[in-house]
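Residues 941 to 1273, numbered by our numbering, are exactly what the sequence shown covers, in order.
Be a bit skeptical, because a hint or two may be false.
Stated by the list, open to error - Quick list of in silico lysine-lysine cross-link-like pairs, DSS-like style, CA-CA up to 30 Å:
1. Lys1104 with Lys1232
2. Lys1010 with Lys1073
3. Lys1010 with Lys1273
4. Lys1115 with Lys1232
Worth flagging that the hints you see were computed from the coordinates, not collected in a lab. Quick caveat, the model's predicted, so the values are computed rather than measured.
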Amino acid sequence: MPEVTLVLLVAVIGAALLFDYINGFHDTANAIATCVSTRALTVRTAIFMAAGLNFIGAMISTKVAATIGKGIVDASSITQMVVLAGILGAIIWNLITWYYGLPSSSSHAIIGGLVGSVVAHAGSGALHWAGLKKIITVLIVSPIVGAFFGFMFMVGMMWAFRNKAPYNLNKVFRKLQILSAAVMAFSHGTADAQKSMGVITMALVSYGSIATFDVPNWVKMSCAIAMGLGTAAGGWRIIKTVGHDFVKLQPVHGFCVETASAAVILGASAMGLPTSTTHVITSSILGVGLTKRISAVNWGVAYRIVTAWVITIPASGFVGFVSYMVLSPFLGK
């Protein structure tokens, strides 16, 4: 039934762009929470700056898209229904965590959703375990690296400016933080918009519209626009959790957080490795907070963040599995 297959392809593209839009407002906090909490920028200015730089970052590279599109599952096991159910798993979980103000990972969610739908369709044998192991290892290790970089950046700043008056130092870093927030927003675009690009291109290959996995320009542009619009919509619930409730930050802290996070994310994106921007920046905040004192960290919020980190892949995988089982009898496999 070619008509049904075409309808499913359109549904996949629409769902992937919706996921990018939700990713934009869900992950706005990644780029701007710290500069909002330190009053380096107003919420409105920070959100629109992040939206523009998310768009630019999304247009730069497709290495992460290729990893998502080719590194998780066997191409012969991919159908439009599999991709659609996987995206739905990610979207539903993102909306749940956004509602409760949890900075969960959209990267984890899309990977979990695809794994769940593929297992429902073809069993666990269709998964590329080597590729999954590499991706999940990076997703686990990158927050640890983020915490280490955040801690070390902050220690270096404390030593370098140990004789400076705090008031004057904060005036300087409030301006520098605008630059670091801009770089963070750009790095978020290079990492997160790539997931939807990979999913849409995967669906186009499955449909037969393109012969090889090569992200079309219209896919790049569509995903970049969707993420930019989502970012412009804002995500105050998560901004509050990350920027206000977790660790109380001064401009110098925010600068170190954003610089450390952007370094980790840009480095991983250059190698085609998908990172969780959410968890990299929250772990960087943790690292910076620990330079103050252990009690400076709100460990209740930290527990909620880690809980979301641990359960996102299995939870979105479960939703992806259920989505496939519910929809496939009506829309085909």
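Now the hints, each set against the structure:
With a C-alpha separation of about 17 Å, the suggested pairing of lysine 1104 with lysine 1232 holds against the 30 Å cut-off. Between lysine 1010 and lysine 1073 the CA atoms are separated by roughly 14 Å; this keeps the pair inside 30 Å, and the hint holds. For the proposed pair lysine 1010 and lysine 1273, the alpha carbon gap of about 20 Å is at most 30 Å, so the pair holds. Between lysine 1115 and lysine 1232 the CA atoms are separated by roughly 22 Å; this keeps the pair inside 30 Å, and the hint holds.
The earlier numbered hints are all upheld by this structure, with none contradicted.
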